[in-house]
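Participant: Add chain B to chain A, keeping to what the hints say.
The primary structure of each chain is shown beneath.
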Amino acid sequence: MAPRDWFARGNDLPGAPGLRALVVSEDEWREAALDLAAAGGRLVALWASPENDAPRVHAALLAEHKGIVLTLSMADPAAPFPGIEDLFPAAARMQRAITDLSGLRSTGPDTRPWLRHTAWPQGYRPLVDPPRVAAPAEAAIDVYDFVRVEGEGVHEIAVGPVHAGTIEPGHFRFSVVGEKVLRLEERLGYVHKGIEQRFTQLPILEAHRLAARVSGDSAVAFSWAYCQALEGISSCEIPRRAAWLRALYLELERMANHLGDLGALGNDAGFAFGLMQFGRLKEQLLRATQDALGERYLMEAIVPGGTRYDLTRPNLLSLGRCVREIEHEARTLRTIYDEHAGVRDRFTGAGTVTAELAARLGLTGLAGRASGQAFDLRSDLPCEPYSQFSVKKIVHNEGDVAARVAVRFDELEESCRLIQRILGALPEGPHRTQVRVPADGTFGAGLIEGWRGPVCVALEAGPSGTIRRCHAHDPSWQNWPVLEHAIIGNIVPDFPLINKSFNLSYSGHDS
Amino acid sequence: MLKTLRQIASIGIVSEPPPPADDSLRIQAGLQDEIRTVLGRALCIRHIDAGSCNGCELEIQALNCPHYNLEGLGIRFVASPRHADLLLVTGPVSRNMEAALRRTYAATPDPKLVVALGDCGCTGGIFGESYASLGRVSNVIPVDVAVPGCPPSPTRILQGILAAITHGAHAQHSTNPPSG
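In order, the protein sequences belong to chains A and B.
Residue numbers for the first sequence follow this note's numbering, beginning at -9 and rising by one.
Residue numbers for the second sequence follow this note's numbering, beginning at 3 and rising by one.
If we strip away everything but chain A, and leave its shape as in the complex, we get (with noise of 0.2 Å):
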């Protein structure tokens, strides 16, 4: 069947715009999934439900413009379901977080652990059991089966936990020869936190707290998501001035983020003055933010029903002014990084992920656009306010360290526009309203373009305003394995510089 007769089938899903829920035989999970995999699809999430009775798996997919929930009831818990790891290979990983969460096998082939190190033996089932606090002990070495490279001056170099620079902890295991990578495997889940067993102890209408910080960086957009989830099964519509506040809420933060970014990218390639001349402009956005709506980062800016802080006139006027002159001063410090042939050099044909790769491997987000993988659900799917704004689409071909810069210097000027055009128009009236309990057992999906890429955040209602099942998936997990084929072949030293240029996030991954 084309994607559109699985979407005809299925009923519209609380939440994202352009959403479509279809509950499937084992037989047709794994028929849809090849469909929309044929037709250029791409697979968003991938989580289990895991009632004792009757565990469901999701898979949320998209194509054509739309995005479908795929769920599947399984019949026997015992029996593994089908894995999609060989029609989405960003697959491979979700599948065995989801039998380290839950205890559900699938097909897959590849049964180790991922987020599951030691920290809980393997009996112990976080998203069934009774939640456990294990007194802090010395944890036992975890041993972790890495494949092998062999040959005549091949050897290892292992890198973390703990890394050399201020960043997240993930281990890193490079097979090399001289200083050329053959193969990079990534050992993640040291930052996991627990945090879907968190949702199901808050309050359902309290937790989009805990969604703001499933990935720090990214809290606009996880909280959007729950909030857009939320609001859709209790069926409340959000005031239009509420919208336009969290776009321009998640507009700053991708700002801040890849102002961070351009900054730390000139640094590991040698060039310390990018760090502070973006470090600069990145600290002056983020007092501006505190001005204007009291808070650096925004953790706790949006709220169900609407955004936790108002703007006022005068406050709307600086913050316009500041974000003016950011874009002349970055406009002004690209063509210093372009006319460098130092940093030229390190950025031209390093770590190159080719277009062909990124599509077969479902590179998404920025990295995926610096890929020329043409999507953004800021123009592909867009909610209330982007369906106004026809957001440019920024997208490179070359794949490598400078496409991945270049996107960025384009996507910063693109939010500075955006953000010109939401203080220019913003609605007038309420910036919050109500939102009622949702009934028990309802289900809805938020969808944002974060600025890493898209982030989804499954929600399912329990009674009297408790959370049954709360699933929230950073885009992290579809370019983590990506990164592992971006190194083949370059020098370790580059390493930093290419792991920078995705900068994915630890802590969304392992959560």
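Nothing false has been slipped in among the hints.
Simulated restraints, written as ranges between beta carbons of each label pair:
hint, chain 1, residue 1, chain 2, residue 2, range
1, A, E21, B, K5, 53 to 59 Å
2, A, D335, B, R8, 21 to 27 Å
3, B, I10, A, L413, 30 to 36 Å
4, B, P111, A, P471, 36 to 42 Å
5, A, R(-6), B, V16, 54 to 60 Å
6, B, K5, A, V427, 55 to 61 Å
7, A, V427, B, A108, 44 to 50 Å
8, A, V149, B, V16, 31 to 37 Å
Partial list, computed: chain A residues near chain B (C-beta under 10 Å):
hint, residue
9, P121
10, L200
11, G206
12, Q267
13, E290
14, H330
Coverage of chain A stretches by chain B, computed from C-beta distances (three or more under 8 Å per stretch; other residues unrestricted):
hint, region
15, 108 to 118
16, 177 to 190
17, 272 to 286
If you're looking for bench data, these hints aren't it; they were derived computationally from the structure.
A virtual CB, placed ideally from N, CA and C, is assigned to each residue, including glycine.
Facilitator: Relative to the frame of chain A, chain B by itself:
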């Protein structure tokens, strides 16, 4: 090159004076005079993310921007715990990071200081204690100073770091700790 120099010259120096230490953030009673005698005001910091959402990391990175002029104060971040005087620890401690945190602490030479950062580092924050989270940093290693905030601003972080290293007498004179 000319453009780079012109940019540097036109921006000038944006560094600001440091905030005073905030000794109210101290939680370890025993003042480690020994450290201050040995270090003076040259301090090497090793950052450890023990389970953070990465919000605190953003503000630690902001400390390295020119406004805060960290190196001008004699403070710098180092790549190995073996080079460090102070560990700056973020996050609720995830069980998957417990061993790494203990080992990093053990690898840091004595005398050493520990600053726990953020609401999660201070109390476990919104994540609390669970099958996967051990909560506050002091549940796993000894902590000298705890800086709350979600995330704490660079100014607050700096005040916490300075509280860990400046003399206790300083606190008695500074009756009005600035808000950050």
